[in-house]
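The primary structure of each chain is shown beneath.
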Amino acid sequence: MADKKKVVISRPALVLGGLALVLIVLAIIFFTGGTGEKVKHFLDANVPKSPESGGGEAAPKTVTLFFLADGDDLLHKETRDIAAGPTEAEEAERALAELIKGSEKGFVSPLPPQTKVRQVFIGSDGLATVDLSREVAEGFAYGSTAELAAVYAVVDTLVFNFRPVKRVVILVEGVEKETLGGHVDLTRAFLPDYSLVAR
Amino acid sequence: MKTRSIIRTASTAALAAVLLASFAPAGARAGQTTGQVPRIQTVVIDPGHGGLEAGAKGKFGNLEKDITLAVSLKLKTLIERNMGLAVFLTRDRDVDVSNENRASIANNHKAGLFISIHANGAVQRKAAGSETFFLSVNATDEETRRLAYLENNSSELQTRIDPSSADDLMMILWDMAQTAYIKQSSRLAELVQAELDAMLGTRNRGIKQAPFKVLTGVACPAILVEAAFISNPDEEQKLASDAFQSRVAEAIYRGLVRFIRGTE
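Going down the list, the sequences are from chains P and V. Note that the first sequence covers residues 1 to 199 in the working numbering. Note that the second sequence covers residues 1001 to 1264 in the working numbering.
Bound conformation, chain P alone (with noise of 0.2 Å):
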């Protein structure tokens, strides 16, 4: 009881001497060279990298999608300017946003158009997890063929223009999926297959 009296009598003071402790914190920080650059190497982490043009946050980067042709079973490549930043993430939605959407040049999305990317997470360890929306899985019948090309069209769309994706795992709807089809199997990562890029 007399402590809770204590307590209220001396918030003016508490107050003060939270500020004083905040300020000796900042003193620490800025006078010390180690914890200095951790946080300046923190901060630049977080800066929009553009590898490429080291254009600003404008300049847009030009990606290479994969489609199919009427002619053979190849994916082609096809470039495309998408906006720049501000994460590899956020481009790799785009990306394969523009890859959902269609081709320019007359050849065919081997993803159903209603799909939405949903997020694409880009881990430190080079795995890239990319989660559509069910109609990936509801919007086609596959057969297997089609379902190869979907799988890879994308796995090879985000290993192709994003550096840091050394491999992909494909969720629907923000689950894991056994398959799109009841052909290939989406539960173990997939590392890019050019075999199916044509020349």
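Simulated from the structure, these hints should not be mistaken for lab results. It is possible that some hints are incorrect.
When the alpha-carbon atoms are kept at most 30 Å apart in a straight line, the in silico DSS-like pairs for lysine-lysine are as follows [to be verified]:
#  : chain 1 : residue 1 : chain 2 : residue 2
1  : P       : Lys77     : V       : Lys1110
2  : P       : Lys105    : V       : Lys1183
3  : P       : Lys116    : V       : Lys1126
4  : V       : Lys1208   : V       : Lys1057
5  : P       : Lys116    : P       : Lys77
6  : V       : Lys1183   : P       : Lys177
7  : V       : Lys1059   : P       : Lys105
8  : P       : Lys166    : V       : Lys1183
9  : V       : Lys1057   : P       : Lys105
10 : V       : Lys1059   : P       : Lys101
11 : P       : Lys116    : P       : Lys177
12 : V       : Lys1076   : P       : Lys105
13 : P       : Lys77     : V       : Lys1059
14 : P       : Lys177    : V       : Lys1110
On the provided structure of chain P, position chain V as indicated by the hints.
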């Protein structure tokens, strides 16, 4: 959710690595290295898709699941009548069967060969032809060593892992069982594809590797046959005909005979 999935993947790989590392390298080797196959007494045929999962669809309304079942039943008859082997189907009706259960059926019956039958589908209507797949594994660097070990020690996989075990670690290894049979599966694919090419008059798309879920857990030589494209109107009509279905079954049967006899 994503982090959980990543952690799960990582821990799965780590657990499997630990378990594999604990295998003693001593013991009898499988016939893998000498190219010999243990005597085959049972064949499991897997009619692709089924039930609500119809697979690919044709322009004229034919469904992949119906064609795969029809071909499978014909193949079963051929093998039973001419080879005297036991044949089991993963489904003999229009029902859903999960990919894992298909592999379990094969393993529980101690299948010596596993044949998954499918009809192909592509976005492009013109895509046509027949092809035979065997498993490809998306092996990362750290996995490659484990897979190479499994490949050379398939007998240990057979003798040391109890398929009825409910243990998670055992399930992880079973999930990779097919990696021990890749070479034999490749040979089987080659022989079956050659017969399909000789008998069907379709474009020969050759043998290919793909990470097909239904093959991953099968502990014997296993292939997935794509007889023709149901998405191609001409081939859809062929696939729907009894005569073509019989030829597909006959071609696969001849390939199996050649594989079993070990002849070229």
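Hint-by-hint comparison with the structure:
1. Between P:Lys77 and V:Lys1110, the direct Cα distance comes to roughly 45 Å. Violation of the 30 Å bound is thereby established for this hinted pair.
2. For the hint linking P:Lys105 to V:Lys1183, the alpha-carbon distance of about 41 Å lies beyond 30 Å, and the restraint is violated.
3. Distance restraint check for P:Lys116 and V:Lys1126: the Cα-Cα separation of roughly 27 Å lies within the 30 Å cut-off, and the hinted pair is therefore satisfied.
4. Taken as a hint, the V:Lys1208 and V:Lys1057 pair is honoured in the structure, with Cα atoms around 22 Å apart against an allowance of 30 Å.
5. With a C-alpha separation of about 21 Å, the suggested pairing of P:Lys116 with P:Lys77 holds against the 30 Å cut-off.
6. A threshold of 30 Å between alpha carbons decides the hint, and for V:Lys1183 with P:Lys177 the separation of about 29 Å falls inside it, so the pair holds.
7. Taking the CA atoms of V:Lys1059 and P:Lys105, the gap is near 26 Å; set against the 30 Å cutoff, the hint holds.
8. Using a Cα cut-off of 30 Å, the hinted pair P:Lys166 and V:Lys1183 holds, with the two alpha carbons roughly 27 Å apart.
9. Between V:Lys1057 and P:Lys105 the alpha-carbon distance is near 27 Å, which keeps this suggested pair within the 30 Å criterion.
10. Distance hint between V:Lys1059 and P:Lys101 is fulfilled; the C-alpha atoms sit about 24 Å from each other, no more than 30 Å.
11. Taken as a hint, the P:Lys116 and P:Lys177 pair is honoured in the structure, with Cα atoms around 16 Å apart against an allowance of 30 Å.
12. Restraint check for V:Lys1076 and P:Lys105: not satisfied, since their Cα atoms lie roughly 47 Å apart, outside the 30 Å limit.
13. Restraint check for P:Lys77 and V:Lys1059: the C-alpha separation of about 29 Å stays at or below 30 Å, so the hint holds.
14. Note on P:Lys177 and V:Lys1110: the hinted pairing holds, with a Cα-Cα distance of about 28 Å set against a maximum of 30 Å.
The earlier numbered hints that this structure contradicts are 1, 2, 12.
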